Amino acid sequence: MGYVAVCGGENAIRNSETLLQFYRRRGESDPIQVRQIVQQMRLAVDRVMAEGSLYDPTLAALAIKQTEGDLVEAAFLVRAYRSTLPRLQTTPLLRTSGMRLIRRISAAFKDVPGGQVLGPTRDYTQRLLDFSLLDECGPAPEPPRTVLPGGAPEETERISEYLRREGLLSEPSRDAPVSVDITRDPVSFPVPRSARLQHLARGDEGGMLALAYSSMRGFGNVHPTVAELRVGYLPVRVAVPGLLEPVVIGEILATEVEVIARDGDAGSDGSSSPQFGLGYGFALGHNERRTICMAILDRSMLAAQPSAPAEDQEFVLSHIEGIEAQGFTNHWKLPHYVDFQSELDQLRARRAAGPGTREEPLIAPCAEVPA
Amino acid sequence: MTPVLSVRDLTVTYPSGVVGCVDVSFDILPGEILGVVGESGSGKTSVLNAIALALPPTRGDARFDSPRLGSQAIFALNAQETRWLRQREIALVHQNPHRALNFDLSAGANVAEALLAADWRHYGRIRQRVAELFRRVELDLTRMDDLPGRFSGGMQQRVQLARALANSPALLLLDEPTGGLDVSIQARLLDLIRELSRDLRTAMLLVSHDLEVVRLLARRTLVMQQGRVVESGLTDQILEDPQEPYTQLLVHSMLT
Amino acid sequence: MRYTFAFLDEQSKRSVRRALLKAVAIPGYQVPFVSRELPISYGWGTGGIQITCALLGPNDIVKVIDQGADDSVNALNIKRFFARTAGVATTTLTREATIIQTRHRIPEERLSASQILVLQVPYPEPLRLVEPRETETSRMHAEGDYGRMYVALYEDIVRHGEITLPWDYPTRINGRYLMSPSPIPRFDNPKLHLAECLFLFGAGREKRVYAVPPHTPVESLAFDDYPFRAESFHGRRCERCGSTDTYLDEVIVDASGRRSHQCSDTAFCLQRRANPALSRGWGHNRGPAPRREGT
Chain A
302 MGYVAVCGGE
312 NAIRNSETLL
322 QFYRRRGESD
332 PIQVRQIVQQ
342 MRLAVDRVMA
352 EGSLYDPTLA
362 ALAIKQTEGD
372 LVEAAFLVRA
382 YRSTLPRLQT
392 TPLLRTSGMR
402 LIRRISAAFK
412 DVPGGQVLGP
422 TRDYTQRLLD
432 FSLLDECGPA
442 PEPPRTVLPG
452 GAPEETERIS
462 EYLRREGLLS
472 EPSRDAPVSV
482 DITRDPVSFP
492 VPRSARLQHL
502 ARGDEGGMLA
512 LAYSSMRGFG
522 NVHPTVAELR
532 VGYLPVRVAV
542 PGLLEPVVIG
552 EILATEVEVI
562 ARDGDAGSDG
572 SSSPQFGLGY
582 GFALGHNERR
592 TICMAILDRS
602 MLAAQPSAPA
612 EDQEFVLSHI
622 EGIEAQGFTN
632 HWKLPHYVDF
642 QSELDQLRAR
652 RAAGPGTREE
662 PLIAPCAEVP
672 A
Chain B
1027 MTPVLSVRDL
1037 TVTYPSGVVG
1047 CVDVSFDILP
1057 GEILGVVGES
1067 GSGKTSVLNA
1077 IALALPPTRG
1087 DARFDSPRLG
1097 SQAIFALNAQ
1107 ETRWLRQREI
1117 ALVHQNPHRA
1127 LNFDLSAGAN
1137 VAEALLAADW
1147 RHYGRIRQRV
1157 AELFRRVELD
1167 LTRMDDLPGR
1177 FSGGMQQRVQ
1187 LARALANSPA
1197 LLLLDEPTGG
1207 LDVSIQARLL
1217 DLIRELSRDL
1227 RTAMLLVSHD
1237 LEVVRLLARR
1247 TLVMQQGRVV
1257 ESGLTDQILE
1267 DPQEPYTQLL
1277 VHSMLT
Chain C
1249 MRYTFAFLDE
1259 QSKRSVRRAL
1269 LKAVAIPGYQ
1279 VPFVSRELPI
1289 SYGWGTGGIQ
1299 ITCALLGPND
1309 IVKVIDQGAD
1319 DSVNALNIKR
1329 FFARTAGVAT
1339 TTLTREATII
1349 QTRHRIPEER
1359 LSASQILVLQ
1369 VPYPEPLRLV
1379 EPRETETSRM
1389 HAEGDYGRMY
1399 VALYEDIVRH
1409 GEITLPWDYP
1419 TRINGRYLMS
1429 PSPIPRFDNP
1439 KLHLAECLFL
1449 FGAGREKRVY
1459 AVPPHTPVES
1469 LAFDDYPFRA
1479 ESFHGRRCER
1489 CGSTDTYLDE
1499 VIVDASGRRS
1509 HQCSDTAFCL
1519 QRRANPALSR
1529 GWGHNRGPAP
1539 RREGT
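Protein chains in written order, with the working numbering: chain A, 302 to 672; chain B, 1027 to 1282; chain C, 1249 to 1543.
A couple of the hints might just be wrong.
[What the hints assert, rightly or not] List of simulated lysine to any residue pairs, SDA-like, C-alpha gap at most 25 Å:
#, chain 1, residue 1, chain 2, residue 2
1, C, Lys-1270, A, Arg-652
2, C, Lys-1270, C, Thr-1339
3, C, Lys-1270, C, Arg-1407
4, A, Lys-634, C, Ser-1508
5, A, Lys-634, C, Gly-1505
[To be verified] For the chain C half of the interface with chain B, some residues (derived, Cβ under 7 Å), not all of them:
#, residue
6, Gly-1395
7, Tyr-1398
8, Ile-1405
9, Val-1406
10, Asp-1472
In case anyone wonders, no lab produced these hints; they're calculated from the structure.
All values derive from a computational prediction rather than experimental measurement.
Glycine included, each C-beta is placed from N, C-alpha and C at the ideal position.
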C-alpha cells in the first residue's frame, strides 16, 4: 500500500528517519566534529548564517553537519531555531567605518587612503584542484604576520564618503526614517528600502545571483562599479541598564559592499545636477557574491517603471526568499490526489461530451442524499 | 439644453514641470461631436486624459451631466466613484489598441469585460449584447471568440468601440481613433463613428492632429497650440475663415 | 532544550490571534501577518500550524488530516508536532475534536458551533489567476473590482462550454470579498455557506490569514445561467462503506489498470462501516431543498 495506508503512515515516517540516520553516518570515517566545520568550512558556515539570519557559527555548523551538507536545509534549520529565540534588544547602529578589516578593495579608484588590501581571496588564484589535500595531515600553518605598516587602523573611512563630500552621490530619500523589521511588521508592496535590504540580506544566494546577473546582461540597466568591498570584524555594542555608554559584547564578521551606479540607471531624485547613485550590500560572515548581488539588486529595484524582472521589487523580493521557495518547491511531493481526482473527473467529462457540446450538469448543485 | 460636459479653466501641469494645458474651457452638448485639433505637444492629449479621469488636473472644474446620474463634478470624485464613471458613463477609445485591449483574451471577452464590470451576470445575455455590439460596429460575429492579435488594426479599433459603447455611456472620448490606419480603413471607421453618433446620440470628444478627420465628424472644434485654445467655433467656419495665424497655418497645410 | 507551549513564544501567538480577530471581523479579507519559521517547511502547512498553535490550550483535542486522511504522512507529522510541543490530546474522530487542521478537504461530517476548522492555504489570493501583481490585487479587493475574475470565467465558458476550474474555486464572502477557499474540491465549497463552525485559513509562506465566521453567506462564483457545479462520481460508491454521497478517491488496483474507489474522509468511512445510516449533516445549511436526480 502507498504512504497513506491506514496505520502505515507512522511506521513509514519512523523507518525513513532511521534510514536517514544510517545515511548520515555510513562508512568507516570518523564523525565530523562541529568544530571542524566551523574552522575548516567557514564559507559554508557564513552562507548558512546569512541565510539563516542568525550569527552563531557553531549553530550553523551543527546545522550543516545534521543536514549532511545541504546548505539550504541547514539555513532552514537555523531560521526555525531563530523563531524560538526571544528578542532582547535592538543594538545601536553599527558603524562599518569601525570595522577591523581583513580585506578591503575598490574598483573605482587605483589607490585609496588606507590602501587596497587583498586579504584572503581566491579571486586571483588559478582554479586547479589541489590533490595534496586528498591526504592532508600535519599541523595548520602559522598565522602570517600582518603586512600593514603600523598595524590595522581603528577607523577606515568608506570610499563613498569622499564622493558624498564632493556632492557626487545622490542622497537617499528621507521619507522613511524609521526602519521596519520584516520579522515583526507585516509590510505590503511597495516596501521601504530598509525592508528590501533586509530581504536581500537573508535571501537565497543562487536566486539573487541569477537576478543580479540578468540585470547586467540587458534585462535591466545597472552598470555597477564596486566603490568598496570590505570584510572584517564589527564590534557589537549593547545598551546595559544603569550604564551610560553601550558595552561591547563581542565581534561579528561581516561583509559590506557599496556599488556606484550612474544616476540615470534608476530613479533620479529630480535634482538638476547629475549624480551617482549608491547600491548597498551587507551580510553576516564573509559573503562577497551575496553582497555584490545585493547592492546591484538594491539599485535595480529603484527603477520607477520596471521593465525587467530584476527591476520589479515584487518579483525580486517574492522569489529570492530561499526558505519559502524551497518549501513550496518541495511541497509538490505532498499528496495532491484529491485535487487531481477533481481534474481527472473534469477531463474525462469533457472528453466524453466531445467537441462543441455543452454538457448538462450531471448532478444539480447541492444535491445529496437528504439527512 | 444642459451640456453633457462643461469644462472650466482646465490646467494640467506634470510633476516634471512640463505644462500640458492651460485654462481650457468648453462645453459639449448632448449628441454633439466636439473636435480638438492641434499638433503633438499642443495639449490636446492632456485635455483628453484629464476628462478621461486618467490623470488629476492641476486646476479646473468639469461638470458632467448624464440622464442616469444627473450632474456631477467629476474631478472631485474618489477612486471608486471615478472607476464607476469610467466603466459606465465616460468611455475612452485609445489611439493604440494594445494599450486598451487585452490581447490574451478573445475580442468578445474584451467587450464582455465592460459588461461584467457593470455587474452583468447572465452569460447568455452577455453574449447577446456582445453580438449586438459587434453588429453595431460592423464586425463579423464569427470572429467574436478570436484573439485581437488576429484582427487587423481597423478591426481592433472597432472592438475598442464596441467595448466603449457596451454600457451606453453618455460621453465617448476618441483619441486619434484612426491613427496608423490605411486611408480607406480610416474612411470607413469615420463613417461608422458618424453613424454611431447619429443613431445613439452619444456625445463625443474627438482629439486629432488631422483636420480632415475633424472636418468629417465634428460640428464644433477647438484649435490648440502650446497648451492653450487659440481658436474655437463651428468647424466649417474655422476651416473656411480661420482667424488666428496658427489656425491659418494648419488649414493651409491641410489644403496643400 | 525546552520549548514554549505550542512552540511559538507568547508574543508571536498573540500577534497571530490579533490578526485572526481582524480576519473574523472582516469575513474573507486577507489579513497580513508576520509568519514565523517553524521546524516544518513553508508550503507544508505552516500557516495552519501557526493558527492552531496560537489557539491551542491544554484542554484542546486536535485532529489533523491531509487529503481527508488522518494517516497521511504529513498530517501525522503535524499532529506529532502539536502533541510534542503542546502535549494536547489528539483524535481521529471528527466529532471529538475541538480544532481540526486540514489540507485540501472539509470533513464529511458537519462541524458544530464549538469546533474550529483550520485550513492550510497555498494560494491565498484568488485574483492571482488574472493578476500577478500584489499592489494591483490589493486595489481590486479594496474597490470590490472583481470584473476581471468574471471575464476569466466568461472566457472559460467560451472555450470549454463550462467553467472548468477544478478546485480552489473562488467564492464571494458575505457579498463582499472574493476569497480562495484553499484547494478543496468544488464538492466541499457548499459546506462553507451558513455553517455553524468557524473556518480559519492560514497561508504561512504568503503571510496571510483569513476567516469565514459562522452563519456567513458564501457564494461560489457563477453566472445566472451557468450555475456552480460540483464534481460527480457518476453513481460510484465507496468499496469499503458503500457511500454514494461522499468525495471518493480513485485508486489503481492492479497492473491491468483496474480502479477502485474509497471515501477520501477515512475517519468518516470507518464510522459509516459501523453505522451505514450515519448522515453527513451538511445538507440543512444550503438553503432551498436540492433537486434530486431523476425528479
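Checked hints:
1. Lys-1270/C x Arg-652/A: Violated, at roughly 45 Å.
2. Lys-1270/C x Thr-1339/C: violated, 29 Å
3. Lys-1270/C x Arg-1407/C: violated, 40 Å
4. Lys-634/A x Ser-1508/C: holds, 23 Å
5. Lys-634/A x Gly-1505/C: holds, 23 Å
6. Gly-1395: holds, 4 Å
7. Tyr-1398: Hint on Tyr-1398/C: holds, closest Cβ of chain B at ~4 Å, below 7 Å.
8. Ile-1405: Interface hint status for Ile-1405/C: holds (6 Å vs cutoff 7 Å).
9. Val-1406: holds, 5 Å
10. Asp-1472: Asp-1472/C check passes; min Cβ-Cβ to chain B is 4 Å, inside 7 Å.
Violated hints, listed in ascending order, are 1, 2 and 3; each of the other numbered hints is respected by the structure.
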